[in-house]
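Since each chain sits alone in its own frame, please combine them into the complex, following the hints.
For the record, the sequence lines run as chains A and B.
Using numbering that gives the first Met the number 0, the first residue of the first sequence is number 0, and each one after it goes up by one.
Using numbering that gives the first Met the number 0, the first residue of the second sequence is number 0, and each one after it goes up by one.
No lab work stands behind these hints: they were computed from the structure.
Beta carbons: idealized from backbone N, C-alpha and C, even for Gly.
Fair warning: there could be bad hints in the mix.
As the list claims (entries may be wrong) - Below, in silico cross-link-like pairs of lysine-lysine (DSS-like), each with a Cα-Cα straight-line distance of 30 angstroms or less:
1) A/Lys236 to A/Lys171
2) B/Lys71 to A/Lys24
3) B/Lys71 to A/Lys52
4) A/Lys52 to A/Lys63
5) A/Lys155 to A/Lys24
6) A/Lys171 to A/Lys52
Unchecked claim - Calculated Cβ distances over 12 angstroms to all of chain A for the following chain B residues:
7) Asp30
8) Gly101
9) Pro119
10) Gly139
Next come the chains, spelled out residue by residue.
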Amino acid sequence: MSDMLYEAPGTLRAALALLSGANGKARVMAGGTDLLIQMRSGRIEPELLVDIKHIPDLRAIALKRGGFQFGSAVTCMELIEHEAFARAWPGVIDGVKLIGSIQVKGRATVGGNVCNASPAADSVPALIAAGALARIVGPDGKRDVPVEDIPTGPGKTSLASGEIVVSFILPKRLPRSGDAYLRFIPRTEMDIAVVGAGVNLTLDRRGFCTLARVSLGAVAERALLVSEAAAALVGTKVDDAALRQLAAAASAACRPIDDKRGTKEFRFKVAGVLARRAAEIALQRAGRKN
Amino acid sequence: MARHHVTATVNGDAVEFLCETHQTLLEVLRDELRLTGTKEGCGTGDCGACTVTLDGRMVCSCLVLGVEAEGKAIQTIEGMAVGRDLHPLQQKFLEHAALQCGICTPGILVAARSLLERNPDPTASEVRYWLAGNLCRCTGYHKIVEAVLDAARELRGN
Ligand SMILES: Cc1cc2nc3c(=O)[nH]c(=O)nc-3n(C[C@H](O)[C@H](O)[C@H](O)COP(=O)(O)OP(=O)(O)OC[C@H]3O[C@@H](n4cnc5c(N)ncnc54)[C@H](O)[C@@H]3O)c2cc1C
Ligand code: FES
Ligand code: FES
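Excised from the complex, chain B in its bound form (with noise of 0.2 angstroms):
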């Protein structure tokens, strides 16, 4: 039979879980784990609403299969608040309304973190670079961009 039986880490906390090959990470994210905050929006990698990362780089869950987190790290949108309290870029988010109906909100917080921790200053062109793979149908973009470079300055403490 082709159940696998899979042990990883999701935002730090081991998981297990079993899965048949043709599930994909996204689908286990979501029906097993239960962890519903990565949408999906397409399915087939264009829209980015999936995204997480794997051992540190980000991906669309979408096109990864469950069965290779085999002994990965993952990391959703669950493990991006502390407790209550919110990270930067999603209290900037708020605060810059770059968000309407917020399903592409999860995987453009997941990749904008990626993004400022490679790079802590990144210009606007290089957020809207990076977040080419994010699709959003609400927002028009520019609050978006806005949101994260006013994240990255405050992390920069300035």
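So that you can see chain A by itself, here it is in the shape it has in the complex (with noise of 0.2 angstroms):
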């Protein structure tokens, strides 16, 4: 571990470059929160860490053909100072803002909270909810898949060797819509989510739900992009009946695991009642005035 390299290139291609250099023996480094831990315990050994926190498109957001782009070297608490990102997309910034302490968040980017693909990552089920993309740059050239298409089980991504992802795009905002995420855990901070739920949706005119998308964390080996879910939300105005519906299908689309934090059982449950009441903070932001 002591010849481990580390190197800080300035552009995407000279990153890439190294990456495709190192036979797979490389490791992408942005916040290194998960990865120092990582290393530290001895669970992976790479030869060379490639920090893309010095390329500049990695690390910028902004509003391109109406819809929000984030790099995928911004922090949690750039994102979510970002007064208009934080307006249009508040679901999202309820994971992100969950991803540890403030101290945490300083560091951890979106990007790796994707691409270390652990089950119970917070902003990932709210990424799924909302839509969005990650544009993903490797040898073959560049690709843009959606974040449900990322994490494939514990510690494993659909990524090839040598790639990376440079940056989250989402949809444009229509009017009348919200999202929001919550997590359940046995206390009010700094812990891993036993289970998470995102939803976001658009209203039309007359209050009826015209778009849905509901997302589940840590209650399979990966988040799960519940299109069930969803359907019992669209064409109605998200009442009692509707909202029963959703928590019915959130529950079933479970494949939990017994664990120290929570059964099988216990995880069907709050899967859907933290579903509903996810569905309900959308369903208000969404008629709020932005």
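Here is the structure:
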């Protein structure tokens, strides 16, 4: 480990060249809040760290063609402090705010949260509900992939060797839209989700739901997009009957494990309760003038 | 060889050091620069004892590599008092007995200063949330929160 190399390239091209020259023995490093702990425990032993924080494009938050994009090296605190982004996507911010302490959020990135592929990662269900795409660049060029297709299981992603997530692309925000993310933990701060639920919805002028996306975290090997739960909302006024159906569909989609944080049975139940509560907050936010 | 030559500023002073890639900023501060005010509680980002600011943002120095400090401005607890004059936060921690063993104290002071720079008039609940990443095994937090609120009052001049 003592001869591990470190590079902080200033361009994406240089970063890609470093990664492809390292035969899979290199690791992308963003905030390092997962990486440093994994190196310290000996779980991973990279030969080269490629720090992407010095690539200006990867640090930008911008509105492009009506939709927000942000670079994969943007820290959680930078995203939280971006007022226009937080107004457009309060549910994404709900998730990002839960990533560790202020100290951790000063370093941690959404890109790292997605690519670390913990099933309990808090920004991931919120991004999936938002319909975010990840722009990936690698030796074979560029592709845009829905966030739900990136983590494939604990610690595993669909990224090929040498690929980097460069940015996240959110859809244009339609009027009367709102999103929310909630997680259950046994305390109020600093813990890992037992269940997480993200809901994003859009209403028409009469208050009927026209679009919805629902995602659950920590109830399967990766965060799930639950289209049955979203379908329970579309075409309704998000009334009690619709919310009950949403909760039932959310519970039914879980394939959880028993662990020290919660039993399977508990997770089935809480997934429904949280999905419902997140939908109620999203609904209230959609009704708010912005 | 993966030995890096790094130049940075610590508490306003230019510093230079050599480090290996795996060395954390915490290790560099304590072992290379001999600034042992910054403490190690856990080494995994959970306790906040190692809190410093890096270009004005508070971070856990156990989760930053020494080599990442290149060109950056770091503030540690050693930069808090001016000569023999304690910072109001330090003074209030003494007055309120907001410490016992003191291991958590440097990190909490750095974090509290960072809060008061952003928000000179926080509520008790804002103080508690801001300090959620700083664990104290001794005091039970109440006196810490009181000391921060009292220091805030003094810094606002009332
Ligand atoms: C005390 C503490 C509390 C925490 N609490 C929470 C919590 O409550 N909720 C939560 O979800 N997480 C939590 N985390 C985990 C962690 O902070 C997050 O997962 C964080 O978002 C990781 O981002 P990073 O930039 O630090 O990633 P890094 O550590 O830099 O990288 C993580 C992984 O992703 C890869 N990677 C990073 N960026 C890219 C990219 N652009 N392209 C391709 N691969 C990439 C790296 O190679 C590495 O494998 C906590 C961590 C700590 C230390
Ligand atoms: S030593 Fe860094 S957070 Fe505990
Ligand atoms: S005073 Fe002992 S840990 Fe806080």
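For this structure, which hints from the list above don't hold up? Those not satisfied: there are none.
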